[in-house]
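Student: Please build the complete structure, drawing on both the sequences and the hints.
First to last, the protein sequences are chains A and B. If you use the working numbering, the first sequence closes out at 573, no skipped numbers anywhere. If you use the working numbering, the second sequence closes out at 573, no skipped numbers anywhere.
Some hints here could point you the wrong way.
Remember, identical chains collapse to one label, so a pair may be satisfied in a single copy or spanning two.
Said to hold, decoys possible - Once the Cα atoms are required to be at most 20 Å apart in a straight line, the calculated EDC-like pairs of lysine to aspartate or glutamate come out as:
1) Lys288 with Glu319
2) Lys569 with Glu435
3) Lys279 with Asp321
4) Lys184 with Glu148
5) Lys156 with Glu352
6) Lys323 with Asp282
7) Lys333 with Asp372
8) Lys404 with Glu470
Calculated from the structure, these hints are not laboratory results.
There are 2 protein chains.
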Amino acid sequence: MSNINTKNVISNTNSIGITSQTVSDIVTYVDKNKKEKVISLLNKIHPADAADVLEVLSEEYRKNVIFILSDKFPAETLPSMNVPILISIIEYFSLEHLIKMLSTLDTDDITYVLEICDEDLRKKILLGMPNALKKLIKKSLNYSEDSAGRIMQTDYVSVPVNWTIGKVIDYLRLSKAVPDEFYALFAVDSRHVPVGTVPLYIAMRKERDVKISDIMTTNPKIIRVGDKRQDIAFLFDQYELTSAPVVDQRGRLVGMITVDDVVDLIRQKADEDILKLGGVSGEGDLYLAAFKTARSRFGWLGINLLTAIMASVAIAIFETTLEKLVSLAILMPIVASMGGNAGTQTLTVAVRAMATRELTSSNSFRVFGKEILVGLYNGLFFAFLIGIITGLWFGDYLLGLIIAFAMLFNLILAGTFGAAIPIILSYFKVDPAVAATVLLTTITDILGFVIFLGLAKYLLM
Amino acid sequence: MSNINTKNVISNTNSIGITSQTVSDIVTYVDKNKKEKVISLLNKIHPADAADVLEVLSEEYRKNVIFILSDKFPAETLPSMNVPILISIIEYFSLEHLIKMLSTLDTDDITYVLEICDEDLRKKILLGMPNALKKLIKKSLNYSEDSAGRIMQTDYVSVPVNWTIGKVIDYLRLSKAVPDEFYALFAVDSRHVPVGTVPLYIAMRKERDVKISDIMTTNPKIIRVGDKRQDIAFLFDQYELTSAPVVDQRGRLVGMITVDDVVDLIRQKADEDILKLGGVSGEGDLYLAAFKTARSRFGWLGINLLTAIMASVAIAIFETTLEKLVSLAILMPIVASMGGNAGTQTLTVAVRAMATRELTSSNSFRVFGKEILVGLYNGLFFAFLIGIITGLWFGDYLLGLIIAFAMLFNLILAGTFGAAIPIILSYFKVDPAVAATVLLTTITDILGFVIFLGLAKYLLM
Numbered sequence: 113m114s115n116i117n118t119k120n121v122i123s124n125t126n127s128i129g130i131t132s133q134t135v136s137d138i139v140t141y142v143d144k145n146k147k148e149k150v151i152s153l154l155n156k157i158h159p160a161d162a163a164d165v166l167e168v169l170s171e172e173y174r175k176n177v178i179f180i181l182s183d184k185f186p187a188e189t190l191p192s193m194n195v196p197i198l199i200s201i202i203e204y205f206s207l208e209h210l211i212k213m214l215s216t217l218d219t220d221d222i223t224y225v226l227e228i229c230d231e232d233l234r235k236k237i238l239l240g241m242p243n244a245l246k247k248l249i250k251k252s253l254n255y256s257e258d259s260a261g262r263i264m265q266t267d268y269v270s271v272p273v274n275w276t277i278g279k280v281i282d283y284l285r286l287s288k289a290v291p292d293e294f295y296a297l298f299a300v301d302s303r304h305v306p307v308g309t310v311p312l313y314i315a316m317r318k319e320r321d322v323k324i325s326d327i328m329t330t331n332p333k334i335i336r337v338g339d340k341r342q343d344i345a346f347l348f349d350q351y352e353l354t355s356a357p358v359v360d361q362r363g364r365l366v367g368m369i370t371v372d373d374v375v376d377l378i379r380q381k382a383d384e385d386i387l388k389l390g391g392v393s394g395e396g397d398l399y400l401a402a403f404k405t406a407r408s409r410f411g412w413l414g415i416n417l418l419t420a421i422m423a424s425v426a427i428a429i430f431e432t433t434l435e436k437l438v439s440l441a442i443l444m445p446i447v448a449s450m451g452g453n454a455g456t457q458t459l460t461v462a463v464r465a466m467a468t469r470e471l472t473s474s475n476s477f478r479v480f481g482k483e484i485l486v487g488l489y490n491g492l493f494f495a496f497l498i499g500i501i502t503g504l505w506f507g508d509y510l511l512g513l514i515i516a517f518a519m520l521f522n523l524i525l526a527g528t529f530g531a532a533i534p535i536i537l538s539y540f541k542v543d544p545a546v547a548a549t550v551l552l553t554t555i556t557d558i559l560g561f562v563i564f565l566g567l568a569k570y571l572l573m
Numbered sequence: 113m114s115n116i117n118t119k120n121v122i123s124n125t126n127s128i129g130i131t132s133q134t135v136s137d138i139v140t141y142v143d144k145n146k147k148e149k150v151i152s153l154l155n156k157i158h159p160a161d162a163a164d165v166l167e168v169l170s171e172e173y174r175k176n177v178i179f180i181l182s183d184k185f186p187a188e189t190l191p192s193m194n195v196p197i198l199i200s201i202i203e204y205f206s207l208e209h210l211i212k213m214l215s216t217l218d219t220d221d222i223t224y225v226l227e228i229c230d231e232d233l234r235k236k237i238l239l240g241m242p243n244a245l246k247k248l249i250k251k252s253l254n255y256s257e258d259s260a261g262r263i264m265q266t267d268y269v270s271v272p273v274n275w276t277i278g279k280v281i282d283y284l285r286l287s288k289a290v291p292d293e294f295y296a297l298f299a300v301d302s303r304h305v306p307v308g309t310v311p312l313y314i315a316m317r318k319e320r321d322v323k324i325s326d327i328m329t330t331n332p333k334i335i336r337v338g339d340k341r342q343d344i345a346f347l348f349d350q351y352e353l354t355s356a357p358v359v360d361q362r363g364r365l366v367g368m369i370t371v372d373d374v375v376d377l378i379r380q381k382a383d384e385d386i387l388k389l390g391g392v393s394g395e396g397d398l399y400l401a402a403f404k405t406a407r408s409r410f411g412w413l414g415i416n417l418l419t420a421i422m423a424s425v426a427i428a429i430f431e432t433t434l435e436k437l438v439s440l441a442i443l444m445p446i447v448a449s450m451g452g453n454a455g456t457q458t459l460t461v462a463v464r465a466m467a468t469r470e471l472t473s474s475n476s477f478r479v480f481g482k483e484i485l486v487g488l489y490n491g492l493f494f495a496f497l498i499g500i501i502t503g504l505w506f507g508d509y510l511l512g513l514i515i516a517f518a519m520l521f522n523l524i525l526a527g528t529f530g531a532a533i534p535i536i537l538s539y540f541k542v543d544p545a546v547a548a549t550v551l552l553t554t555i556t557d558i559l560g561f562v563i564f565l566g567l568a569k570y571l572l573m
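Tutor: Put into structure tokens, the structure is as follows:
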């Protein structure tokens with residue numbers, strides 16, 4: 113448990129988490145070779161904070177700190193660390209030290225660290241672990257990466273359904289096979305199938321002779337080992353759960369997922385959506401070296417170059433029109449830009465509503481219709497505005513009328529495609545957060561240019 | 113507690129939450145006037161699911177369903193409902209019915225509903241509530257909207273620090289003033305200041321004669337009534353808490369925040385960031401009527417129009433250059449578009465890293481330098497590519513060289529501004545998610561046009 117000074121936590125919300133003071137203290141201690149200070153500070157603060165300190169340090173200092181810590185390295189920081197950082201530091205430890213540190217962690221945390229090791233190292237580590245633990249870990253690594261089997265911990269408290277509260281309490285007081293943290297008792301039948309749950313706050317309030325079967329929540333929310341991250345996150349969020357039993361294919365209790373793991377899942381899913389919408393696909397982008405980051409972002413830029421060239425080809429069709437009237441070249445980015453922005457607004461709302469299951473097949477048609485209307489309303493307003501501005505600027509009210517119509521059409525189409533693209537992508541099981549933005553802006557760009565220049569060609573020339 | 117059939121939950125992850133079947137069943141029952149079926153179905157499913165059903169229905173059906181439910185309306189759905197929906201349905205209930213329903217809820221849930229009522233209605237509701245509850249609610253409403261005081265519940269389990277486990281258990285078994293759900297005992301001193309916490313999973317495993325002071329976690333993480341949402345979310349996420357005591361200005365225990373409320377906070381914060389980056393500021397955008405939605409998105413589109421016109425003014429400076437060489441008009445959107453995309457990638461990573469406190473003043477300088485390097489790497493590559501393509505397309509390798517240089521400069525500048533803008537905004541305490549995108553694309557657009565057309569003017573003319 114943490115030893116952070118309570119006074120600090122109370123007096124200043126900024127001292128939740130690490131401060132730049134903590135980081136600069138570590139840097140100073142390393143510079144002055146005050147090894148004891150480094151060791152005591154990093155073992156005094158919460159492991160999650162120690163992980164943050166290590167992440168924020170430059171590679172050189174991080175390496176130094178780890179060598180200074182040596183066998184005093186706080187093992188619990190490992191599962192709190194970002195993947196690229198974890199990969200880079202794992203080689204600083206000897207095999208024996210790694211095995212020793214990992215053996216002290218929960219199974220789900222051990223799996224998290226082993227996942228990032230190359231196969232060779234993983235095998236060696238497993239070989240050095242106690243047999244029972246090795247079996248559990250191997251089983252966990254066999255489940256697919258984003259499934260409940262990987263996220264669950266394999267220790268939980270299960271009690272026969274016919275036990276009394278008194279018997280449970282005696283069992284908990286004596287047994288050594290109880291997990292460090294748990295929030296509910298899982299009542300199981302003779303086949304080890306969970307048939308109910310008793311939250312601890314219920315169990316604690318009942319007399320010793322009360323039977324588990326009389327106080328348990330029947331039909332508890334149950335997770336299957338194969339269930340996916342996003343379904344688990346939704347389950348906990350929707351039903352405000354703190355823990356849930358995990359069962360195998362035959363319905364038998366094999367593990368437990370607790371809310372602290374799910375908080376991570378929810379944040380990670382949101383992170384991924386934000387980054388994907390921003391055209392960044394790689395995890396841990398912040399911590400990769402510049403060249404690796406450039407390479408990981410390269411794909412989307414390449415696709416964007418392609419779509420930008422397609423837009424240019426569309427413009428090139430109107431080369432002679434542009435030659436005759438250069439004002440068209442000056443004005444044409446406005447229509448495309450407004451379409452892109454209006455479409456992105458619709459798209460963002462739709463993608464996020466899908467992730468939180470607020471946009472479903474039950475209401476997609478209504479939402480779609482609404483977004484076209486939104487495009488119409490804003491289209492009418494901005495068409496009027498840009499028409500007047502253009503008329504005044506170029507003293508040409510026919511040109512104003514043309515850009516006004518182009519604006520109206522493009523904003524309606526932006527709303528239409530902004531809503532349709534994610535709905536269609538998810539119908540074909542494509543993650544809408546990934547491909548939607550680039551598809552949308554390609555469409556609004558090309559349509560913006562073609563409608564504006566096309567109208568100009570036929571009305572002005 | 114929920115009565116959903118366990119079999120369904122196990123056999124099909126899609127049946128977590130509502131299915132389109134549930135919604136169409138309700139619609140059929142309403143159409144056929146099968147009132148009893150509507151009432152029994154919506155009271156059988158989990159309140160959070162019932163709220164989702166009501167949200168997904170069209171306004172007409174929603175109104176019908178609420179009138180059919182009448183005094184059988186499940187009160188617990190109210191706090192699970194989206195704000196615009198909640199606002200629209202609140203008027204369907206009589207004052208007495210509202211008071212009756214709200215009085216059954218937790219204080220934090222009552223506050224959530226009262227917040228959306230207009231002042232007149234709120235006063236009337238409070239007037240009808242039991243005195244003790246009224247006092248608590250009024251106090252809670254006095255705290256600022258995104259502070260701990262508003263989020264906390266006012267019932268918790270506090271025990272004198274010198275009690276034994278046995279005494280605590282007896283107290284819990286007999287007392288009626290214990291909250292429905294709790295995960296820890298808060299140990300308090302004689303001034304009611306929390307000095308330690310005992311998680312229930314620890315308390316349950318100890319013998320009756322063990323003293324609270326001997327098993328409590330000293331220096332627990334403590335929240336002050338004035339602490340902000342994002343700090344609370346970070347605290348729970350970082351330290352994997354399930355509950356935390358809330359203290360007033362004098363350090364005395366006044367409430368408790370539990371992890372289920374924080375799961376909401378974390379998801380909401382991520383939602384807000386995603387929507388803001390997409391240029392949508394309003395909460396509950398999905399459920400607003402089309403005209404209201406159009407109005408709420410209007411502001412950002414207006415700002416975008418302004419910046420698009422600024423870009424056009426920048427292009428207009430080069431009117432004579434464009435007249436002489438129309439290929440420039442065809443090519444110029446490419447440089448601007450690539451800059452916008454590369455900058456958005458950097459920006460998204462930076463904004464998200466700030467929200468999760470991975471990007472801090474300790475490493476911002478390093479991240480900034482890295483992003484310029486990333487811009488250089490990708491800039492070199494895409495400059496080469498677009499140079500060749502342009503040379504081949506227009507048979508003009510000087511033009512290819514010009515666009516290559518423009519591309520290189522704009523991608524380096526995009527990386528620079530993409531990292532600098534959120535860092536600078538947050539230095540001035542402006543939420544980087546709100547203003548960053550529009551600022552960035554304005555800069556990359558204008559720079560993209562000016563660098564390309566400027567180079568062309570001086571090298572080609």
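Student: Hints first: check each against the structure and report whether it holds.
Tutor: Against the structure, the hints come out as follows:
1. Taking CA atoms no more than 20 Å apart as the test, lysine 288 paired with glutamate 319 passes between copies only; the shortest distance there is 15 Å, against 24 Å inside one copy.
2. Both within a single protomer and between protomers do lysine 569 and glutamate 435 lie at most 20 Å apart by alpha-carbon distance, with minima of 11 Å and 17 Å respectively.
3. Taking the shortest Cα distances, lysine 279 and aspartate 321 sit within 20 Å of each other both inside one copy (9 Å) and across copies (18 Å).
4. Taking the shortest Cα distances, lysine 184 and glutamate 148 sit within 20 Å of each other inside one copy (10 Å), while across copies they are farther apart (66 Å).
5. In this assembly of identical chains, the alpha carbons of lysine 156 and glutamate 352 lie at most 20 Å apart only when taken from different copies (17 Å versus 33 Å within one copy).
6. Taking the closest pair of Cα atoms, lysine 323 and aspartate 282 come within 20 Å of each other both inside a single copy (14 Å) and across two copies (18 Å).
7. Proximity of lysine 333 to aspartate 372 under the C-alpha cut-off of 20 Å is found in both arrangements, the shortest distances being 17 Å within a copy and 16 Å between copies.
8. In the homo-oligomer, the alpha carbons of lysine 404 and glutamate 470 lie at most 20 Å apart only across protomers (19 Å), although the nearest pairing inside one protomer, at 37 Å, exceeds that limit.
Going down the numbered hints, you'll see the structure goes against none, and every one checks out.
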